[in-house]
Amino acid sequence: MLELRNLKVKYGQVEALHGLNLTVTEGELVTILGANGAGKSTTLMAISGLVPISAGEIYFNGRRIDTLRSHQLVRLGITQSPEGRRVFGPLTVAENLALGAFSQNDRAAAASRLSWVYDLFPRLSERRSQMAGTLSGGEQQMLAIGRALMARPRLLLLDEPSLGLAPLLVKSIFQTIRAINEAGLTIILVEQNARAALKLADRAYVLEVGRLVMEGPAAELLHNPQVQNTYLGGMA
Amino acid sequence: MEFFIQQLINGLAVGGIYALIALGYTMVYGVLKLINFAHGELFTLGAYLGFTLLVSWGLAGTVGVGPAILICMGLVMLLSALAGHVLERAAYRPLRKSGRLSAVVSALGASIFLQNAIMLIWGAKGLAYPADLLPRVMISIAGQPVPLIRVVVFVSSLLVMLGLYFLINRTRIGMAIRASAIDQGAAKLMGIDVRQVIAIVFMIGPALGGLAGVMFGICYGQITFTMGQIYGLKAFTAAIIGGIGNIPGAMLGGILLGVIEALGAAYISMSWKDAITFFALILILVIRPTGILPERVAEKL
Chain E
1 MLELRNLKVK YGQVEALHGL NLTVTEGELV TILGANGAGK STTLMAISGL VPISAGEIYF
61 NGRRIDTLRS HQLVRLGITQ SPEGRRVFGP LTVAENLALG AFSQNDRAAA ASRLSWVYDL
121 FPRLSERRSQ MAGTLSGGEQ QMLAIGRALM ARPRLLLLDE PSLGLAPLLV KSIFQTIRAI
181 NEAGLTIILV EQNARAALKL ADRAYVLEVG RLVMEGPAAE LLHNPQVQNT YLGGMA
Chain Z
237 MEFFIQQLIN GLAVGGIYAL IALGYTMVYG VLKLINFAHG ELFTLGAYLG FTLLVSWGLA
297 GTVGVGPAIL ICMGLVMLLS ALAGHVLERA AYRPLRKSGR LSAVVSALGA SIFLQNAIML
357 IWGAKGLAYP ADLLPRVMIS IAGQPVPLIR VVVFVSSLLV MLGLYFLINR TRIGMAIRAS
417 AIDQGAAKLM GIDVRQVIAI VFMIGPALGG LAGVMFGICY GQITFTMGQI YGLKAFTAAI
477 IGGIGNIPGA MLGGILLGVI EALGAAYISM SWKDAITFFA LILILVIRPT GILPERVAEK
537 L
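In order, the protein sequence lines correspond to chains E and Z.
Quick note: the first sequence uses the numbering used here, first residue 1, plus one each step.
Quick note: the second sequence uses the numbering used here, first residue 237, plus one each step.
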C-alpha cells in the first residue's frame, strides 16, 4: 500500500534520513522504533509532505505521491496524528473534529464518522464544547487521533501517541489503536515505548540515526536479544 | 455637549476607517506572523483607484451618485484584492522559507515601491474628491447636527466588519483561516491548503484597506500619495492596541483609537493629535502588552 524507496531528508546541511526503504501492506500495523533523533518523526512528516525530501520516492497504492502537497495527501487518505498532538488549543473539541473532516464533502458521512469517533473516545463526547487547550494530555491525544480519523483515512500515521501519558492511559490508547486496526485501517505507529509497540504491531522497523538497522515481524523483534538490550531495557 | 457629540461622531468615522485598515494588518499577522508594511499603501491605492473611477471616469455622472459609490467601492475592493494578491506573490511568497527579517525588509521595499508607483501614476500633488460629490446632509443626533456622511462611514465600516466576522466564524474558509493561524502544520494535516489560505488572507485584507481608502476620500476629500504612511501606522497601532492577530481586537482598537484621537484633539490640543495616538499605544504596551483582546493563547501541556 505504501512504499518508501531510498528516502532521504535533509534539514539544512544535515541529513536526517540516509536512504530509507520501507513498505506497508494493506491492513497492517507497522511500527517504527528508535531513539530520539533516529528519524522516526521525520519519516512520518516526509510521508505527509510536511518536510521536503531530498532524494528517493514515495508510492501510495502504486501512485507516486512525494510530489504532492500535504492537503492533497489527506484527500488521498493519508492522515496523521502528529508528535506533540498539536490540537487546535483555542478551538473546542467539536471544532477540532470538524477540522479533521475538512477534506470531506459528504456531510452525512462526516456526521456518522463523528459519532463513531465519539463512540471510540466517549471522553471526547463529554468534553465536546470544551476548549482543546484545556484538556488533559491523554484527552488531547484522543482528540488528535480522533481528528485524524475524521477524514476517513486509508492509512493512519501515529507519532508517539504514548508520549507523556500515564501507563493506564497508554494501555487504553493502545487498545483503541488495535481496535481501529482490526476494523481494517492500515497504521504506521512511531513509538519510543518499544515493548508496547512491538506487542501491538505486525511488523517493525528499527531506525538508528537516520538508517534502518533492523526489520521484521514484531514478535521476532520482541525476542531479539539486540533489540531487548537496546530498546527493551535488557529484560526479556 | 454639542461639541462632544460632534467630536465623538468624527472619532467614530475615522475609527471605522482605522479599524478596516487594522483588520488587514491583524489578519496577515495572525496567519503569517508578518507585519505587512505595505498595507498602508494599499489604503492609498484604494483612495486613488476610487478617485479615478468616480471622478476621472465620471462614474458618478453616468449612473447617479449612490449607485456610483457602491459600484466604485465594489470595484476598488476587487482591484485592491488583486493588488494584494500580486504583492503576496511577488514580495512574500518567494521568501516563505527564508528568515522573518527577509520578509520584513521585502515588506518595507514593497511599501516604498508602491508609494512611488502611486506618485508616478497619479502625480505628486495630491488630489481632491469633489466636495459636492454627496449633498451635505446634516442629521440630528441627540439634538445635535452631525454630517450624515460621517455616520454612514461608521455604520458601513461596522457592516463590513460584521460580514467579516461572519466569514471568519461561520464559513468553511473562515475555519481554514482560523486553523492556519493557530498551527499551519496541523492545518495542513487537516487537508487545508495553507498556501491558498494565505493568498485569500492577502486578498481580504487589501480589499478592506482599499475600501477604507475610498471611504476616506469620500469623507475627507483630500488624498495624497503619502497618506498611507500615517494612516497605516495609526491602523497598525490600533491593531496592537486591540491585540494583534485578533480580529475583534482590530475592530475595537481602531474605533477606540479614532475616538481617543478625536476627543484628544478637541479637548487637549489639535497639534498634539498624533502624540496622543502614540501615547495611547505606549500606555497599552506598558499596561497590557498583549493588547486589549489578545490572541487566545492555549494552555500547553
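Hints may be right or wrong, so weigh each one.
Under the rule of at most 25 angstroms between Cα atoms (straight-line distance), these lysine-lysine pairs were calculated in the BS3-like manner [claimed, not checked]:
hint, chain 1, residue 1, chain 2, residue 2
1, Z, K269, E, K8
2, Z, K333, E, K10
3, E, K171, E, K199
4, Z, K361, Z, K269
Stretches of chain E that chain Z covers, calculated by requiring three or more beta carbons in the stretch to come under 8 angstroms of a beta carbon on chain Z [as the list claims (entries may be wrong)]:
hint, segment
5, 41-55
6, 71-84
7, 94-101
8, 147-161
Cβ-to-Cβ under 8 angstroms is the rule here; a few derived chain E residues that face chain Z [as the list claims (entries may be wrong)]:
hint, residue
9, F88
10, G89
11, P90
Source of the hints: derived by calculation from the structure; they are not laboratory data.
For glycine and all other residues, C-beta sits at the position ideal for the given N, C-alpha and C.
The hints, checked one at a time:
no., hint, verdict
1, K269(Z) <-> K8(E), "violated (30 angstroms)"
2, K333(Z) <-> K10(E), "holds (14 angstroms)"
3, K171(E) <-> K199(E), "holds (11 angstroms)"
4, K361(Z) <-> K269(Z), "violated (36 angstroms)"
5, 41-55, "holds (count 3)"
6, 71-84, "holds (count 6)"
7, 94-101, "holds (count 4)"
8, 147-161, "holds (count 3)"
9, F88, "holds (5 angstroms)"
10, G89, "holds (2 angstroms)"
11, P90, "holds (4 angstroms)"
The structure does not agree with the numbered hints 1, 4 stated previously, though it agrees with the rest.
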